[in-house]
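Student: Keeping their order, the protein sequence lines are chains A and B. Using our numbering, you'd call the opening residue of the first sequence number 19 and step up by one each time. Using our numbering, you'd call the opening residue of the second sequence number 3 and step up by one each time.
Certain hints may be false.
Below, in silico cross-link-like pairs of lysine to any residue (SDA-like), each with a Cα-Cα straight-line distance of 20 Å or less [stated by the list, open to error]:
(1) A/Lys49 / B/His124
(2) A/Lys341 / B/Arg139
(3) A/Lys331 / B/Lys58
(4) A/Lys341 / B/Arg15
(5) A/Lys126 / B/Arg15
(6) A/Lys379 / B/His106
(7) A/Lys331 / B/Asp34
(8) A/Lys288 / B/His106
(9) A/Lys379 / B/Arg15
(10) A/Lys379 / B/Asp137
(11) A/Lys379 / B/Lys58
(12) B/Lys58 / A/His266
(13) B/Lys58 / A/Ala267
(14) A/Lys49 / A/Glu245
(15) A/Lys331 / B/Thr149
(16) A/Lys341 / B/Ala122
(17) A/Lys341 / B/Asn128
(18) A/Lys341 / B/Leu101
(19) A/Lys341 / B/Glu108
(20) A/Lys331 / B/Lys142
(21) A/Lys126 / B/Arg113
(22) A/Lys288 / B/Gly96
(23) B/Lys58 / A/Glu178
(24) B/Lys58 / B/Asn128
(25) A/Lys341 / B/Lys58
(26) A/Lys379 / B/Thr102
(27) A/Lys379 / B/Glu109
(28) A/Lys331 / B/Leu101
(29) A/Lys394 / A/Ala267
(30) B/Lys58 / A/Thr259
(31) A/Lys288 / B/Ala91
Reference listing, derived: stretches of chain A covered by chain B, where coverage requires no fewer than 3 residues with Cβ under 8 Å from a Cβ of chain B [to be verified]:
(32) 41 to 49
(33) 257 to 266
Treat the hints as calculated values from the structure; they're not laboratory data. The beta carbon of each residue, even a glycine, is placed where N, CA and C say it ideally should be.
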Amino acid sequence: MFTRSVSLRLILLSVTWIVAALAVGGAVLSKSFRNHVENSFDVSLHRHLHEMMSYADAVDGTFSLTNRPTDPSYLNALSGWYWEVVIDGEVVERSRSVWDADLTLPGKVPTRGETLGYYIDGPRNERLRVAAQTVSVAGLSSDITVYFTGPAIEIDKASEEFNETLSWSLLLLGLGLTIAVVLQVILGLRPLKLLRTRLADIHAGRAERMTGRYPSEVEPLVADLNELLEHNAEVIERARTHAGNLAHALKTPLAVLSNEADSMDGDRGKTLAEQVSVMNDLVTRHLARARAAGGLGVPGLKADVGDITSGLKRVLQRIYAYKRDGQGVNISLVSVRGQHVAGDRQDIEEMLGNLMDNACKWSAGRVRVSTQVQGKDVIISVDDDGPGVPEEMRAEVLARGKRLDEATPGSGLGLNIVNDLAGMYLGSLALGASDLGGLSVRLTLPAA
Amino acid sequence: MRVLVVEDEPDLRRQISRGLAEAGYSVDEAPDGEEGGFLGDTEPYDAVVLDLGLPKVDGITVLNHWRQTGRDMPVLILTARDSWNEKVAGFDAGADDYLTKPFHMEELLARVRALIRRSAGHASPNLECGPVNLDTRSGKVTIDGSTVSLTAHELKVLSYFMHHQGRVVSQTELIEHIYDQDFDRDSNTIEVFIARLRKKLAPDLIKTHRGRGYSMAAPGEGA
Chain A
19 MFTRSVSLRL ILLSVTWIVA ALAVGGAVLS KSFRNHVENS FDVSLHRHLH
69 EMMSYADAVD GTFSLTNRPT DPSYLNALSG WYWEVVIDGE VVERSRSVWD
119 ADLTLPGKVP TRGETLGYYI DGPRNERLRV AAQTVSVAGL SSDITVYFTG
169 PAIEIDKASE EFNETLSWSL LLLGLGLTIA VVLQVILGLR PLKLLRTRLA
219 DIHAGRAERM TGRYPSEVEP LVADLNELLE HNAEVIERAR THAGNLAHAL
269 KTPLAVLSNE ADSMDGDRGK TLAEQVSVMN DLVTRHLARA RAAGGLGVPG
319 LKADVGDITS GLKRVLQRIY AYKRDGQGVN ISLVSVRGQH VAGDRQDIEE
369 MLGNLMDNAC KWSAGRVRVS TQVQGKDVII SVDDDGPGVP EEMRAEVLAR
419 GKRLDEATPG SGLGLNIVND LAGMYLGSLA LGASDLGGLS VRLTLPAA
Chain B
3 MRVLVVEDEP DLRRQISRGL AEAGYSVDEA PDGEEGGFLG DTEPYDAVVL
53 DLGLPKVDGI TVLNHWRQTG RDMPVLILTA RDSWNEKVAG FDAGADDYLT
103 KPFHMEELLA RVRALIRRSA GHASPNLECG PVNLDTRSGK VTIDGSTVSL
153 TAHELKVLSY FMHHQGRVVS QTELIEHIYD QDFDRDSNTI EVFIARLRKK
203 LAPDLIKTHR GRGYSMAAPG EGA
């Protein structure tokens, strides 16, 4: 079964190949070494064979040896080093080492001029390497066949020693290759890992696009990703522009209708005014949602709370400058600098703008915006010293389009638009009593 | 008091102009950013109602241009674009107030009234000059507590003097701020209005500065 990890898959495949290649290579090497050892062994047997041939003679039509092989090995009893001369299936001469053993050397009879090499079992059940040759001797009616043997254990021993060394070497080679493969896979796939880290950065909002240098195989992917990210940003921007244009297109006629309704007398004017107000609420609400929806699910968005709140403070202090006979509203920003939340800047600005505007509207002069980090969230608290909202009515304030005081201007959508937006951003909105004496609104959003 | 309305939607422009005129303002209209910008550059307005989404030149650009060239009349931005992002941009460009569409005419009138009053340095909607009291919200004029009935033009002249107390106002300035640009201006009528105001209110309320113009100040405060 293939695993899902490319690294593991590459390593497994490579190791399989390495093992197979080393096994085959080892077998071939072992076999050819044995052949080589056998050949060397045979060469010495052949030398003795040729020596023997030179001693073969015929005296009065019978076979005789002018001399016997000089190598002392052939004198030691049952040494494994034997020779025999056979004519017509009968042993006419044999080495002393054969002693009284029954050595069935023949078995194979080479044709004239041919040299055979093969194995037999010797008198002590040891394996013997045989070299056999058949020649004709001048003066003899039959060909003579000469057999020379040597103990095969010498070949086996050399072969075994070689195999042992070979196994160790191949094992080490295999290990080395495996390590090389693992390193190669890790180093070779490093760009992919880098890619993953960068993607995580984008997802977490630490970066807006892929950066860094990538190998030519990965580069197109990175370029495509960056293009996709830019395209996404463009789509949001377009959706937002679209929403803005739609707002403009709808709200101007609504303004005309509203003014027309105001100048009409009686119930008809009132009905018209009410319907215009309902339409405006719907437009406002859905545009806010549409605008926000554009920014959702896009990785890499982050908004600077400090930046946003200081801009809003500037505007709100001007809007409310003439409140309280020209004393205005004092807005204090506490530890907002450097705080970032995950989300589109405009959406966050919309939420905070509505909250701060609301606080200024109701305050008796003091508004405080503060942030605090709690785990992976940032809690932004907007406090005022106004009348506050009684506990039993707080849920109602967050509900759709509910206004507690119909006399204060405003669409009545402020808090529940914020509530909607916060929900879409996986955050939440909670109302409570403030230590300043009024309402405390706590907006919780994921940190960036 | 003379107000410029820059709005591209003809119906809305007509409604706003009518509302402002009914409240006693002289109103000039411009259908696009180019003409609005030009009028704001050349005519002395006491307030401007400026739409942001305008043809040719957008409202923010027009406003930026005015502020950069030192035109500091109060500007009320009137726009369908109600995101905070756009509000911040509007105020940073130099707007004094912001009203989103749709709106009620009373709201717009109240904002314009407040802008004019504040730009002349008055915090209260009730302007006083000695025994004379002008309620800018209703246009009601009283002297020592008793109501005085004034015509629309008389009220315009009095209102301008009440906003700019203690300062010599030339006849040209008065004409520029009381009539819209299409009005056939005649300086003689100004003298007629002033004579009537003196008669209806108090003879020494408005002083004549020969060759320079008129001034209005509470008794005891010179000008």
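Student: Give a verdict on every hint.
Tutor: Hints, one by one, checked against the model:
| no. | hint | in the structure |
| --- | --- | --- |
| 1 | A/Lys49 / B/His124 | violated (113 Å) |
| 2 | A/Lys341 / B/Arg139 | holds (17 Å) |
| 3 | A/Lys331 / B/Lys58 | violated (32 Å) |
| 4 | A/Lys341 / B/Arg15 | violated (29 Å) |
| 5 | A/Lys126 / B/Arg15 | violated (126 Å) |
| 6 | A/Lys379 / B/His106 | holds (19 Å) |
| 7 | A/Lys331 / B/Asp34 | violated (31 Å) |
| 8 | A/Lys288 / B/His106 | holds (13 Å) |
| 9 | A/Lys379 / B/Arg15 | violated (29 Å) |
| 10 | A/Lys379 / B/Asp137 | violated (25 Å) |
| 11 | A/Lys379 / B/Lys58 | violated (36 Å) |
| 12 | B/Lys58 / A/His266 | holds (16 Å) |
| 13 | B/Lys58 / A/Ala267 | holds (17 Å) |
| 14 | A/Lys49 / A/Glu245 | violated (60 Å) |
| 15 | A/Lys331 / B/Thr149 | violated (43 Å) |
| 16 | A/Lys341 / B/Ala122 | holds (17 Å) |
| 17 | A/Lys341 / B/Asn128 | holds (16 Å) |
| 18 | A/Lys341 / B/Leu101 | holds (17 Å) |
| 19 | A/Lys341 / B/Glu108 | holds (19 Å) |
| 20 | A/Lys331 / B/Lys142 | violated (37 Å) |
| 21 | A/Lys126 / B/Arg113 | violated (128 Å) |
| 22 | A/Lys288 / B/Gly96 | violated (36 Å) |
| 23 | B/Lys58 / A/Glu178 | violated (98 Å) |
| 24 | B/Lys58 / B/Asn128 | violated (40 Å) |
| 25 | A/Lys341 / B/Lys58 | violated (36 Å) |
| 26 | A/Lys379 / B/Thr102 | holds (16 Å) |
| 27 | A/Lys379 / B/Glu109 | holds (16 Å) |
| 28 | A/Lys331 / B/Leu101 | holds (18 Å) |
| 29 | A/Lys394 / A/Ala267 | violated (40 Å) |
| 30 | B/Lys58 / A/Thr259 | holds (18 Å) |
| 31 | A/Lys288 / B/Ala91 | violated (35 Å) |
| 32 | 41 to 49 | violated (count 0) |
| 33 | 257 to 266 | holds (count 3) |
Against the hints set out earlier in the document, violations occur for numbers 1, 3, 4, 5, 7, 9, 10, 11, 14, 15, 20, 21, 22, 23, 24, 25, 29, 31 and 32.
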